[in-house]
Amino acid sequence: MAFDLKKEEDVKDFIQNLGIEYRLGCYNEKNPEACHLLGDYLEAIKKDFERAGKVYRSNCDDYKFHKSCHKFANYQLLGRGCKQDEKSAFTYYDKACGLGNSDSCFNLGLICSSKTFEAAQPQNYTLGLKYLDKACTMGHAGACYHAGALHILGTTDKTVPQDMKKAFEYSIKGCDLGNMYACANASQMYLKGEGVEKDDKKAQEYKAKALDFQDQYKHQFQIEFQQGLQEK
Numbered sequence: 001m002a003f004d005l006k007k008e009e010d011v012k013d014f015i016q017n018l019g020i021e022y023r024l025g026c027y028n029e030k031n032p033e034a035c036h037l038l039g040d041y042l043e044a045i046k047k048d049f050e051r052a053g054k055v056y057r058s059n060c061d062d063y064k065f066h067k068s069c070h071k072f073a074n075y076q077l078l079g080r081g082c083k084q085d086e087k088s089a090f091t092y093y094d095k096a097c098g099l100g101n102s103d104s105c106f107n108l109g110l111i112c113s114s115k116t117f118e119a120a121q122p123q124n125y126t127l128g129l130k131y132l133d134k135a136c137t138m139g140h141a142g143a144c145y146h147a148g149a150l151h152i153l154g155t156t157d158k159t160v161p162q163d164m165k166k167a168f169e170y171s172i173k174g175c176d177l178g179n180m181y182a183c184a185n186a187s188q189m190y191l192k193g194e195g196v197e198k199d200d201k202k203a204q205e206y207k208a209k210a211l212d213f214q215d216q217y218k219h220q221f222q223i224e225f226q227q228g229l230q231e232k
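For the sequence shown, position 78 (counting from the first letter as 1) is numbered 78 according to the numbering used here, and the numbering increases by one without interruption.
Worth flagging that the hints you see were computed from the coordinates, not collected in a lab.
Check the hints yourself; a few may be wrong.
Said to hold, decoys possible - DSS-like cross-link-like pairs, simulated, lysine-lysine; straight-line CA separation at most 27 angstroms:
#, residue 1, residue 2
1, Lys83, Lys115
2, Lys130, Lys64
3, Lys192, Lys166
4, Lys115, Lys95
5, Lys218, Lys201
6, Lys83, Lys46
7, Lys115, Lys158
8, Lys64, Lys87
9, Lys30, Lys46
10, Lys54, Lys87
11, Lys46, Lys64
12, Lys95, Lys64
13, Lys54, Lys30
14, Lys83, Lys64
15, Lys83, Lys54
16, Lys207, Lys192
17, Lys12, Lys46
18, Lys12, Lys47
Input sequences plus hints: build the corresponding full structure.
Pasting the structure below:
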């Protein structure tokens, strides 16, 4: 059946059929991808966060689908469609991280490095760095930046000592993955000769990269902002 998505009735039918398709794929075919899409459908289209959360949790527990584990962890952390439970959020982030979800590994790194989520995990910089390192290794630019930042300053409890060489390595990787703050840190380290041999040319190169990423971010933000205004 062909849909004319310029017609309101056809759009409604298309969306309704999507829901049916995802339910069949999830409950009849036992397809984890379809189950996750069903959760996204309930979340984004139906705004039924309680049911979406149940679908994500089931898909995580039954099929070990890391994206659903991550989504349910977010729900638990924020209390979205359910009672807030930071310990449960930590457990599901850990599941997702173990299944290869870099965003969950990154979130665990931030949780462990902060005092904000003591109910989930007492502050533990060593554990936090372990998760950040794992996420960075998996290609998460933000994790590389934060791991580098921990080594630039060192932690107050001295469990992570200042180590400019490691900070430089993390910053370079974070920059290569597209994090402008990591590029800025790499530029400063080249400029001052901290963690790497002083090199003014390289310092300027990484400064230019940081500014380029900044411009890209501003441009993307402007596009998204304009689109948002048009939708209103």
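Against the structure, the hints come out as follows:
For the hint pairing Lys83 with Lys115, the CA-to-CA distance comes to about 21 angstroms; that is within 27 angstroms, so the pair holds. Proximity of Lys130 to Lys64 is assessed by CA-CA distance (about 22 angstroms); at most 27 angstroms being required, the pair is judged to hold. Annotation: proposed proximity of Lys192 to Lys166 holds, straight-line Cα distance about 15 angstroms (limit 27 angstroms). For the suggested pair Lys115 and Lys95, the alpha carbons sit about 22 angstroms apart, so the restraint of at most 27 angstroms is met.
A C-alpha spacing of about 26 angstroms is found between Lys218 and Lys201, which places the hinted pair at or below 27 angstroms, so the restraint holds. A distance of roughly 20 angstroms separates the Cα atoms of Lys83 and Lys46; the hinted pair therefore holds under the 27 angstroms criterion. For the proposed pair Lys115 and Lys158, the alpha carbon gap of about 16 angstroms is at most 27 angstroms, so the pair holds. Between Lys64 and Lys87 the CA atoms are separated by roughly 19 angstroms; this keeps the pair inside 27 angstroms, and the hint holds.
Between Lys30 and Lys46 the alpha-carbon distance is near 22 angstroms, which keeps this suggested pair within the 27 angstroms criterion. Note on Lys54 and Lys87: the hinted pairing holds, with a Cα-Cα distance of about 17 angstroms set against a maximum of 27 angstroms. Pair hint Lys46 plus Lys64 holds up; C-alpha atoms about 25 angstroms apart against a cutoff of 27 angstroms. Between Lys95 and Lys64, the direct Cα distance comes to roughly 8 angstroms. Compliance with the 27 angstroms bound is thereby established for this hinted pair.
Between Lys54 and Lys30 the alpha-carbon distance is near 16 angstroms, which keeps this suggested pair within the 27 angstroms criterion. Restraint check for Lys83 and Lys64: satisfied, since their Cα atoms lie roughly 23 angstroms apart, inside the 27 angstroms limit. Restraint check for Lys83 and Lys54: satisfied, since their Cα atoms lie roughly 12 angstroms apart, inside the 27 angstroms limit. Distance hint between Lys207 and Lys192 is fulfilled; the C-alpha atoms sit about 13 angstroms from each other, no more than 27 angstroms.
Proximity of Lys12 to Lys46 is assessed by CA-CA distance (about 12 angstroms); at most 27 angstroms being required, the pair is judged to hold. Restraint check for Lys12 and Lys47: satisfied, since their Cα atoms lie roughly 15 angstroms apart, inside the 27 angstroms limit.
Taken one by one, the earlier hints all hold for this structure without exception.
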